[in-house]
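Engineer: Those protein sequence lines, which keep their order, are chains G and U. Using this note's numbering, read the first sequence as starting at 1 and increasing by one per residue. Using this note's numbering, read the second sequence as starting at 1 and increasing by one per residue.
There could be a bad hint or two in this list.
What the hints assert, rightly or not - Per label pair, the in silico range of CB-to-CB distance:
#1 Gly-42(G) to Asn-94(U): 36 to 42 Å
#2 Thr-21(U) to Arg-64(G): 37 to 43 Å
#3 Thr-53(U) to Ser-7(G): 49 to 55 Å
What the hints assert, rightly or not - Quick list of in silico lysine to aspartate or glutamate cross-link-like pairs, EDC-like style, CA-CA up to 20 Å:
#4 Lys-52(U) to Asp-56(G)
#5 Lys-52(U) to Asp-67(U)
#6 Lys-103(U) to Glu-14(U)
#7 Lys-3(U) to Glu-85(G)
#8 Lys-11(G) to Asp-24(G)
#9 Lys-69(U) to Asp-82(U)
#10 Lys-11(G) to Asp-97(G)
#11 Lys-57(G) to Glu-20(G)
#12 Lys-54(U) to Glu-103(G)
#13 Lys-57(G) to Glu-14(G)
#14 Lys-103(U) to Glu-85(G)
#15 Lys-17(G) to Asp-56(G)
#16 Lys-15(G) to Asp-56(G)
#17 Lys-17(G) to Glu-85(G)
#18 Lys-103(U) to Asp-24(G)
As the list claims (entries may be wrong) - Covered stretches of chain U, going by a simulated chain G footprint (3 or more residues, C-beta under 8 Å):
#19 10-24
#20 54-65
#21 100-110
No wet-lab data here; the hints were simulated from the structure. From the three backbone atoms N, C-alpha and C, an ideal C-beta is built for every residue, glycine too.
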Amino acid sequence: GAGVSQSPSNKVTEKGKDVELRCDPISGHTALYWYRQSLGQGLEFLIYFQGNSAPDKSGLPSDRFSAERTGGSVSTLTIQRTQQEDSAVYLCASSYDRAANTEAFFGQGTRLTVV
Amino acid sequence: LAKTTQPISMDSYEGQEVNITCSHNNIATNDYITWYQQFPSQGPRFIIQGYKTKVTNEVASLFIPADRKSSTLSLPRVSLSDTAVYYCLVVPSNSGYALNFGKGTSLLVTP
């Protein structure tokens, strides 16, 4: 596709349920990132993928959060036993590689609301 | 990791030039300075990036002094559609990505 695609665009879930958020990066981009943005806040890094490997998971807030990437393409962020504080916009970005002078392209995000 | 400081908000009238300055006192030798723009309900969008001196593209200019401890994003002749949040990032060369975007500068352009 032309850009980074995220689905669903909106998700409302009950507290305690599991959710899966999907990211389709730009074709050929080896680096993929997940960020979280709470209302009125900046972006908070969650995890970085290079290919299918995740060299940096340091931003995942708890063991309820996990992510995988398959085929060097699609990535899924899973949140188990959701809590109200997980409510936020989850943003995915991809870049051609992870060099510091490489532009990252962001998706529109998934707005997660835990009720 | 280099910490950035930028104004929380700025106001401007249409047609004016807007300069947003960001300080990053502990920037490392090979770090890059990158600016992103974010509209409501959208993901951030890359605007411009530089290492030193001046960089200009069709959207903005980026001024970086010799000591690289600050940078200034310059938006010429802003329009209402430039109302957005602008993030200044220092991207470490050893990782290639920014860990946190901070709250950015919320720019409001009015007629």
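Engineer: Tell me whether the statement that chain G covers the stretch 100-110 of chain U is true, taking a Cβ distance below 8 Å and needing three residues at minimum.
Structural biologist: holds (count 5)
Engineer: Holds or violated: are the alpha carbons of Lys-103(U) and Glu-85(G) at most 20 Å from each other?
Structural biologist: The given pair, whose Cα atoms are some 19 Å apart, holds under the 20 Å limit.
Engineer: Taking a Cβ-Cβ distance under 8 Å as contact, does the stretch 54-65 of chain U have three or more residues in contact with chain G?
Structural biologist: violated (count 0)
Engineer: Please verify whether Lys-3(U) and Glu-85(G) have alpha carbons no more than 20 Å apart.
Structural biologist: Given pair Lys-3(U), Glu-85(G) is violated - Cα atoms ~26 Å apart, limit 20 Å.
Engineer: Does Asp-82(U) lie within 20 Å of Lys-69(U) when you go C-alpha to C-alpha?
Structural biologist: 26 Å, violated
Engineer: Between Lys-17(G) and Asp-56(G), does the CA-CA distance stay at or below 20 Å?
Structural biologist: 26 Å, violated
Engineer: Thr-53(U) and Ser-7(G), beta-carbon distance inside 49 to 55 Å?
Structural biologist: 42 Å, violated
Engineer: Given the hint that Lys-15(G) pairs with Asp-56(G), does the C-alpha gap stay at or below 20 Å?
Structural biologist: The given pair, whose Cα atoms are some 28 Å apart, is violated under the 20 Å limit.
Engineer: Hinted pair, alpha-carbon criterion (20 Å max): Lys-103(U), Glu-14(U). Please report holds or violated.
Structural biologist: 24 Å, violated
Engineer: What's the verdict on Lys-11(G) and Asp-97(G), does the C-alpha distance respect the 20 Å limit or exceed it?
Structural biologist: 30 Å, violated
Engineer: For a C-alpha distance cap of 20 Å, please report whether Lys-103(U) and Asp-24(G) respect it.
Structural biologist: 26 Å, violated
Engineer: Are the Cα positions of Lys-57(G) and Glu-14(G) separated by 20 Å at most?
Structural biologist: 26 Å, violated
When the structure is compared with the earlier hints, violations turn up for hints 1, 3, 4, 6, 7, 9, 10, 13, 15, 16, 18, 19, 20 and for no others.
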